[in-house]
Structure formats: C-alpha cells, structure tokens
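S.K.: Start from chain A and add chain B according to the hints.
Going down the list, the protein sequences come from chains A and B. With my numbering applied, the first sequence closes on residue 194, and no number is skipped along the way. With my numbering applied, the second sequence closes on residue 1258, and no number is skipped along the way.
These are computed hints drawn from the structure, not numbers from a lab. For every residue, glycine included, the Cβ atom is placed at its ideal position computed from N, Cα and C.
Below are the DMTMM-like pairs computed for lysine to aspartate or glutamate, each with C-alpha atoms no more than 25 Å apart in a straight line:
1. A/K3 <-> B/E1226
2. B/K1215 <-> B/E1109
3. B/K1198 <-> A/E31
4. A/K50 <-> A/E26
5. B/K1105 <-> B/D1126
6. A/K132 <-> B/E1063
7. B/K1249 <-> A/D8
8. A/K61 <-> B/E1245
9. B/K1197 <-> A/D8
Some residues of chain B that are not near chain A, with every Cβ distance over 12 Å (derived):
10. E1007
11. I1008
12. E1015
13. I1037
14. R1082
15. E1090
16. R1091
17. E1109
18. D1182
19. K1183
20. Y1184
21. L1205
22. E1219
Partial list, derived from the structure: chain B residues whose beta carbon lies under 10 Å from chain A:
23. T1123
24. R1239
25. L1241
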Amino acid sequence: MEKIKTGDFVLPGDRLGTIEEFVPGEGTYEENSEVYAASAGFVLIDHLDKKIKVYKPGVVKPLIPRVGDVVLGKVSHVQSQMASVEIFQINRNMILTPFTGVIHISQVNRTFTNVMPDAYKVGDIIRARVLKATVPVQLSTIGRKFGVLLAFCSLCGGILEKQGGDKLKCSNCDHIETRKVAIDYRRSIKGRRA
Amino acid sequence: MKIIKHEIPEKLITEDGIRTDGRKPHELRPTKLEVGILKRADGSAYIEQGKNKIMVAVYGPRELHPRHLALPDRALLRCFYRMASFSVQERKSPAPSRREIELSKVIREALEPVIFLERFPKTAIDVFIEVLQADGGTRCASITTAALALADAGIPMRDLVSAVAVGKVDGYIVLDINDLEDKYGEGDMPTAIMPRKKEVTLIQLDGRWTPEEFKQGFELAIKGCEQIYQLQREALKRRYLEIREQAAKEMEERAENP
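Next up, chain A with everything else stripped away, as it sits in the complex:
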C-alpha cells in the first residue's frame, strides 16, 4: 500500500498508518493500534509532533460549541442565580438551530454580582466564552470583551446607550439600567429600534 502524505484526499475508514508512526489528531481515530481517517478531507502531517490530522477547508464542521469558543447569544430566561442563552453564532459562524447555554452568577464578572438581573435581562445580545461543551453549554462572561453587546430598556423597549461604567441609559425614556457591558457595546451590533 502507498504511504500517506500531506495533501492526500482521504475518506472515513481509510488507513493512515500505525500508532507507532503517528499520534491520531483531529478527524482521525485509532482502532487495533492503527490510525484511520474519521472524516473526509485532506491529510496534514506534523512531522515535529508526529501528529496526523484530516483537514477540511472552509467552515469547521460539525459546527458545535467547543471549550474556549467565543459565542454570541440572546438571553432567553433570567433567574436570580442563572441566565439561559440561545446561542446563534459560534466563532463568527451562524448556526441553523440554536444551542442552549447557561451562565451562573459566579461566571458573570470578576467582581461580585448581587442578582442576575443586575447583569443580564431577557432579550440582551451577549458575547460569551464556552466553559463546558456538553448540553446545556456552560458559559462565562468574565473579561472585558465579554458581556452585553446590545440591550433594550425594560420599561419601553428602546435601545440602551452606554453611560459610562456599567450604567446604560434608554434612548427613548431616559431610564437608567445596569448591565455587564462588553467593551464594544453597540459597536459590533447596531440593532434596530424595537
């Protein structure tokens, strides 16, 4: 049999080598001390780490949340200690059916948060990081670039504008609210008037 080299096209089940030759990486699996391809794609051999991968150009598939991913979501439910989030984007790729994520109050901010509604309210668009990838996905918003990207007034539904600190002011009725605000609030997502 011909030896596998970088750039070869392989299908699931194709033999890539033995575990003495390679460490099985992404898109491969090991069975009876042989390494096989688990997905269709092109072979990538790392001769330094002796690692073999099957690489697919374009969007990473399957598109599911993995630990460390940055996701966008809409807050769907808020309790005193927990908030549920409908994740609609993973690493800038839109997903077809949303995954449900949860944020615990201890993972909202580096500082103390008294109750969840002080940080998030239903309808907020937030950016978060994945802590645990099994359903329901555990999220964290600790860090400057994580938190609310767009929020709406709880009284009139108008868009909230940044006031400085964690204070937001309604553009419609001047109501003041608090949120865990991301550094680029209202800059990455514009939003239409509700």
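M.R.: This is chain B only, laid out in the frame that chain A set:
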C-alpha cells in the same frame, strides 16, 4: 393526457441474459451521485440510480427537543425516510406508511454502527431522506446517499456505508434490481456493507433462496457495493476539491482587500 401503463413482460430475462432495461445480470444501473446540493443543510447528497431519484439532508449534531429524549452518553440518530406522493405510479398518500416507518428504522440501524455517536452526548443527528422518484432498491440507494450526506456534514465516521440490492429473477441471481424485477421476480436481498472494514450493516432477504443461491447473491452484493463505493469516493472528492478551491479564492480576496 396520456396514461402511462407498464406492461409486464413475459420474461424478465431473455435467453442471452439481457434484462428488461437492457442490462446484463451483473451490471449496476447508471448511477450519478452528487454531494452538497442543499445550502441550508449541514450536509446533503443526491442520487440518481436508474429511475431512482433520492435527496438526503443531514442536520446536526444539534440540541434535541423535547430534552428528555436525549441520551446522556451519545447522540440520538434519527432517520426519516419519506416517499413523495408523486414518486410512484399510483399516488401515494403523503402520510407515513407502515413501510416508510420500517424503512426509517432499517436505514437508521444500517448507519448507526459507522457514526461516532458517543462524541456528541445529549444531541440529535437528523437524516431526512426524500424519495422523489422510486424504481426499486430505494432503501439501498438511501443508505448510500445518507452516508455521503453524513460525511458532508463533517460527522466523524468509522467508514462509509455502501448498499445494493441483489435479486432472484427467473432463476438468475442479478445485481441491483429495478421495480419490475422487484415486483415480479422471485426474491430480493438488500445488502449494506462498510466497504473498508468489510462488515455487513444491513442484510434482508425475501423469497425462496437455496443456500447456494444465497451465497452467490451475497458475493455479488459485495462486488456491487464495492462499485458503489468507488462512485461515492469520486463524488466526495469532487465536492472537497470544489470546497478547497472556493476557500483559496476567499483567502485571496481577503488578502487583497483586508
């Protein structure tokens, strides 16, 4: 309007071994496979095998609702085999029939052993199989196409699955039976295998076969599956070269105007 009527020939195979559609006994129907035909699905594939026309869409792994159906240690594979009401001579009721529900189960069990379901706990992988035109051997064509759609969706698999039906017609063992041979023949045997692992994932048998006939039929089925596998390989390769070209083009564009 002209009403199409199929005449049942007296003989399904002539003395010189030519079948109703002009094939030899050990010949496949002309088969065309295409991968990635649906934009909104995670993975998709299409097959034209003789007069069969089948479309498969794969969604997932995705969150499962209602949540209590989810399995704690692996993904739930769901297959939906459906025949369009215009897919057969006489209009088929669009409601799922006993046959469709059974075929959904049989197809699911033929695909389950190749997918690494345990890598995606508490999620669902949905496979929708839409038969647009049926001409015998649709369950095998569905399995072949579904395997391609799953690979297109990037779902990790141990192997592909290739399937073909063998039949007993006028005393001959023939490969890849069509509708006429299915209806008026003496028996059929749909077979699905993992072509690289050399394992059988589906085998059914209908009619009266002697042990020798079964053996001969099984060997023929494996040979047929291997031919199908080559077609699957080519179809996936075509798709992936396309994706690679597209990705390279996008990279270039991004480099030009950042």
